[in-house]
Amino acid sequence: MEIVVFTKRVPVTQEEELRILGDGQSVNLSKLPFRMNDWDNYAVEEAVKIVEKGGGGVTGIAIGDKEADEVLRRAIAMGAKDGILLETEAAPHDPFARAMLAYNFLKKENISFDAIFTGVQAEDDQFAAFGGILAALLKAPFAAQVIGTDTVEKDHLVVRRELEGGLQERVRVSLPCVLSIQSGINEPRYVSIMGVRKASKVERKVLKAAAYAEDAKSLIEVTQWVYPPKKEGAAMITGDVGEVCGKLLGILKEKGVYQ
Amino acid sequence: MNSERVIACMQCGKCTGSCPEAGKTPFNIRMIIRKKQFQRAVEEALPWYCTSCSTCTIRCPRDVKPSEVIIDIRSVLIEDGRIPVTIQKALENTFVQKNPWGKPRSKRAEWIGKLDFEVPHISETKEKRLLFACCIQAYDPRCMVIPVNVARLLHSTGVEFGVLGEEEACCGNEIRRMGEVGLFEELREENSANFAEYGVKEIITLSPHCMNTFRKEYGDLGIRILHYSEKVKELLEGGSLKPERRYDKKVVYHDPCFLGKQNAIFDEPRVLLAKAIGSDLLEFTRMRENSLCCEGGGGRMFFDVEATYQRNSEVRVKEALDMGAEIIATSCPFCVMNLEDPATEKGLSVKEVSEILMEVI
Amino acid sequence: MSDGLSDGYVLVVAEVRRGLFEERNLDTIGLGKFMQKPVCLLLPEKVSGVDHTTIGKVIKAETEEGNFQNPLTMVSILGKVFESYGRPEYVLFTHSSSGAECAAYAAGSFALPLITDVNGWDRDTGTFFKSYYSDKVFAQCKAAAQPSILTVRSGSFREQVTREASEAAVESIGAFAATEGRAFVEYVEEAGGAVDITKADFLLSVGRGIGSKDEIPRFEELAQAMRAVLSCSRPVVDKLWLPKERQVGTSGKTVKPKVYLAMAISGAFQHIAGMKDADCIIAVNKDPEAPIFQYAHFGIVGDVNKMRDKLLELAKNA
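Chains as they are written, first to last, in the working numbering: chain A, 1 to 259; chain B, 1001 to 1361; chain C, 2001 to 2318.
Any given hint could turn out to be false.
As the list claims (entries may be wrong) - Cβ-to-Cβ under 8 Å is the rule here; a few derived chain B residues that face chain A:
1. Gln-1037
2. Ile-1083
3. Gln-1088
4. Leu-1091
5. Gln-1097
6. Pro-1104
7. Glu-1180
8. Glu-1186
As the list claims (entries may be wrong) - Between beta-carbon pairs, the in silico distance windows are:
9. Ser-200/A <-> Ile-1007/B: 16 to 22 Å
10. Arg-1040/B <-> Lys-198/A: 25 to 31 Å
11. Leu-1115/B <-> Glu-254/A: 38 to 44 Å
12. Lys-1114/B <-> Thr-151/A: 57 to 63 Å
13. Lys-2316/C <-> Leu-1115/B: 50 to 56 Å
14. Lys-253/A <-> Ala-1307/B: 39 to 45 Å
15. Ala-1008/B <-> Pro-33/A: 40 to 46 Å
Please keep in mind that the hints were generated in silico from the structure rather than gathered at the bench.
Every value quoted in this text rests on a predicted model; they were computed, and no experiment measured them.
For each residue, glycine too, the CB sits at the ideal point set by N, CA and C.
Input sequences plus hints: build the corresponding full structure.
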């Protein structure tokens, strides 16, 4: 099976305080460390596992600046056979524009594939849309939030989709298809530094994204960035045992975990 | 590769006899060396039991260096990507944020905010004396008192020192012991480059683990590397630090493996404690070179073994109780973290040496 | 074109699971109401639990939910709706597994603007609030054209649902066959057996401070009564009071539940690392200085076991 995996380099923002610049015009990402989008780890791992079992190859693709090569090296260290960077200083915010760019690239360069994997969403924008839009543009069947690949055949896959509350849905998808892969589908292998160094020796093609940007226009725009409403420290709940428990149950009801 | 040394092993069993994991866990270092002699596979879960106390390596009559063999076995598992998930997270965190907890690098110098004086960047100092905070102590609320205390002690005696702040990266001691050779090399390169760039002449470490790797695994830095207890001992003996009170509790001292048996620093913390406490310092039977490993090193902080058994930390606490101690004093943040839970349960306190010093200065 | 929709309408695509109308649909309906537009609800066959007084019209696709929520079929269904009723101003989906899936595929098929995980709307600018970086900042997004497609965050517009005097009429737009490219096979329940605390929405977590192993059964009872999953900190596992699979922390599991109720857990660093991203952290501890209060959203200083017993009493009598 030939699988193409789209991977994204994202900033690590857990526990960081983000600053909005210029009166709401942008978010300051300058001092943040970056790494491969967590969901993409699972996507690459799943693709590599399928190919290790049944033959074929995995290609990693990233849309971003030169630094995005990092995620391609990681994909190769995990088992992808090569990588392609569609280089652009500023990848569009709008997932539609990015999907259009990817679609143009795949068509223009005649990239053949049995399946395209993406992560369910990116840690930065959390759109969860790139894979679905790309699938529609390709007129390929799509399944999102795949939590298990049960059967892999020459012309179709049977996969399980993660729904809410512990329920899953089993669907049959014809090939070629697009899947967005959910975290927890597998345990991504550890990629050692030496592994990444070895991966650096494998060729990663660098192409200019602008060559595929025709009619890849954004349909949405960000007019402003704002902070969420401020949260104070722990709100202390006081009273006697009965009162406190009553208030606690009230909070649980509000959060939707207790009826 | 250290594994070639296994040929020298005569299976005397001194290693297993000294191992803190032997007997109560499935980990048998002598057997692992035997398997390596015959190039047999070692069960994947086993190498992760090792705490890197290095007692086996210190005592081996044939210089097989079993603790290094464990590191080699781990490094193969790492290259294969088949390692426990929690170890994986610790390594990935260290790669991204330069500390195994994955705390933001940008917050590494926040502990300095707890001081009521400024601490300059090392580049702004004359004497180029670097205080190396260490990952645990820079981020863990419980251990953060240690760099704060030591900074205060040094400041009060007018000893000039600076810090790397956010440029400080994990020393890599535990990283190397977990087998991630490539990551260790990157950390070493980054820290060494910073030491060189700022012309560092002396490094005062707060963790014996940092001291160990700087002294032994960073090559010839041309820098004087000290554990803070060595520095403070100098200051006490020189008269610039004068204890004004007595610490009136029964204190027993626990030798950390990386300070004691691996780097022969037994006396300095004892001298500090002797000056601070009113009564005699109590000692464990298993003390100094024979100290009982707290099981915090070698990646054990990030990995829970399958076996259920009485932890050495609980044994240590019982020993302390039996001799009537009220405080277990130690000079390593790993020991502090590992001893504290079982100690608190039994009504004992665990104090790092600097905490006791701060009470009497 | 059918009447009542010439002023521009909002099409709410229902999320239906095993015949039940999901509660999340109230947020999509709510947003439509908030925008003061006629709300049309698109449903599959065999749905119960729909309050017909909350919407203006119901459009029924004569196909089962499994096929209805197949994005390939959804595109055909939407095409038929646009044909029969004209294009709406907005097509709203719930921000859920199926909602986001269909929304993206529809956006690509019809080349329409898509904004997902919307949790606010600014009437003056007509922009929608969308979370970035796990809610650390929000982007105000504007769609370049209409209709635009939105997925709506659960809980964000529920209060906007109003009831009309009359019940909505139901109109059918015909049947839809299963598609070639993708077919619904069946629902699968996650296997029982070993507990996976990482999947729980509500964790009741206990620490060393509960005192002894004997206290555990009552906590198990409480967890059951509150439909929570029991988890714990490392010392509890070390003492063999609970099995390792329940451990939250650096050397255990990392969890992100909706609610993390930490009882008698001091908040040691290694534990916090495993649960700090929970949506709502409630800490109960007898020590007012316990570090966990620095990370919790709500805090209670008190005797944990007494609180447990009172909660059990209240939960059982509810």
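Against the structure, the hints:
At a threshold of 8 Å, the smallest CB-CB gap from Gln-1037/B to chain A is about 26 Å, leaving the interface hint violated. A cut of 8 Å between beta carbons decides the hint on Ile-1083/B: the least distance to chain A is about 5 Å, and the hint holds. With a least beta-carbon distance of about 5 Å to chain A, the hint placing Gln-1088/B at the interface is held under the 8 Å criterion. Interface hint at Leu-1091/B: satisfied, since its Cβ lies 7 Å from the closest Cβ of chain A, which is below the 8 Å cut-off.
Because the beta carbon of Gln-1097/B sits about 6 Å from the nearest beta carbon in chain A, less than 8 Å, this interface hint is met. Hint status for Pro-1104/B relative to chain A: holds, with the closest Cβ pair at about 5 Å, below 8 Å. With 8 Å as the threshold, the beta carbon of Glu-1180/B comes within range of chain A, its nearest partner Cβ sitting at about 6 Å, so the hint holds. Given the 8 Å rule on beta carbons, the hint for Glu-1186/B holds: about 6 Å separates it from the nearest Cβ of chain A.
Restraint check, Ser-200/A to Ile-1007/B: a C-beta distance of roughly 35 Å breaks the suggested window 16 to 22 Å. With their beta carbons about 27 Å apart, Arg-1040/B and Lys-198/A fall inside the hinted range of 25 to 31 Å. For the hinted restraint 38 to 44 Å between Leu-1115/B and Glu-254/A, the CB-CB distance of approximately 42 Å keeps it satisfied. About 58 Å separates the C-beta atoms of Lys-1114/B and Thr-151/A, a value consistent with the hinted range of 57 to 63 Å.
For Lys-2316/C and Leu-1115/B, the hinted distance range of 50 to 56 Å is satisfied, since their beta carbons lie about 52 Å from each other. At roughly 42 Å, the beta carbons of Lys-253/A and Ala-1307/B sit within the given window of 39 to 45 Å. Under the hint 40 to 46 Å, the C-beta atoms of Ala-1008/B and Pro-33/A, about 44 Å apart, fit the expected range.
In this structure, the earlier hints numbered 1 and 9 are contradicted, and the remaining ones agree with it.
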